[in-house]
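Enquirer: Each chain is listed here by its residues.
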Amino acid sequence: GENVEQHPSTLSVQEGDSAVIKCTYSDSASNYFPWYKQELGKGPQLIIDIRSNVGEKKDQRIAVTLNKTAKHFSLHITETQPEDSAVYFCAASKTGNTPLVFGKGTRLSVIA
Amino acid sequence: GAVVSQHPSRVICKSGTSVKIECRSLDFQATTMFWYRQFPKQSLMLMATSNEGSKATYEQGVEKDKFLINHASLTLSTLTVTSAHPEDSSFYICSARGSGSNQPQHFGDGTRLSIL
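Heads up: the protein sequence lines correspond to chains Z and L, in order. Quick note: the first sequence, position 67, residue 67 per the numbering used here, numbers continuous. Quick note: the second sequence, position 46, residue 158 per the numbering used here, numbers continuous.
This is chain Z alone, in the form it adopts within the complex (with noise of 0.2 Å):
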């Protein structure tokens, strides 16, 4: 079955500064990868997606790039602020109903 690799499992960066959460996956049948964000005591929240049909997807702060070859995709904080320290979690699934598979998490700090 799928498995997906995370890292780094903890990240501190400072407020502005850029950062970068990696993922790996090893079905190569997966073709969607969703982002997510958990703040403390709640649920994740979906920040961003993206299809195995596009390269590269951003959403004014956020980005996220794909290699279906190298079965890697990555997300990218722009001019990080406080609010944005959580944990972020990687997935991927094929399409259909076939359930996500997380990776282990990054817990993100962004120091003022």
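Derived from the structure by calculation, the hints contain no laboratory data. None of these values were measured; they are calculated from a predicted model. Be a bit skeptical, because a hint or two may be false.
Unchecked claim - So the derived label-pair ranges between C-beta atoms look like this:
1) Z/A112 x L/K153: 19 to 25 Å
2) Z/T78 x L/K167: 34 to 40 Å
3) L/P198 x Z/K94: 16 to 22 Å
4) L/K126 x Z/T78: 47 to 53 Å
5) Z/E79 x L/T192: 42 to 48 Å
Each residue gets a CB set at the ideal place from its N, CA and C atoms; glycine is no exception.
Position chain L relative to chain Z; hints supplied.
Expert: Just chain L now, with coordinates in the frame of chain Z:
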């Protein structure tokens, strides 16, 4: 945006009690709902997948008689933890996905279950 409501947000009860958690999709029809369990500082562990009107599909190692899942309508799924014990204490999170291809998965805010 799509909203998934989960209730209650926190439950504290005695060992042996059965606890029901509700998950509702508020502004879309959820043909598929998922139930996860999350331990502190860990990732989400999928417990089961339920499609409206069908029996849930449980992941390996999850006791279906312990964790009863009902998905009777396109907007509501329930998870009942039967005869809960302290080891069942955890953060339970539901998610829902709409019909059609390419629909994203949206999560509720979770239920913190504490069994004394």
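Enquirer: A separate judgement is required for each hint: does it hold in the structure or not?
Expert: Now the hints, each set against the structure:
no.	hint	result
1	Z/A112 x L/K153: 19 to 25 Å	holds (23 Å)
2	Z/T78 x L/K167: 34 to 40 Å	violated (46 Å)
3	L/P198 x Z/K94: 16 to 22 Å	violated (37 Å)
4	L/K126 x Z/T78: 47 to 53 Å	holds (50 Å)
5	Z/E79 x L/T192: 42 to 48 Å	holds (45 Å)
Checked against the numbered hints above, the structure breaks hints 2 and 3 and satisfies the rest.
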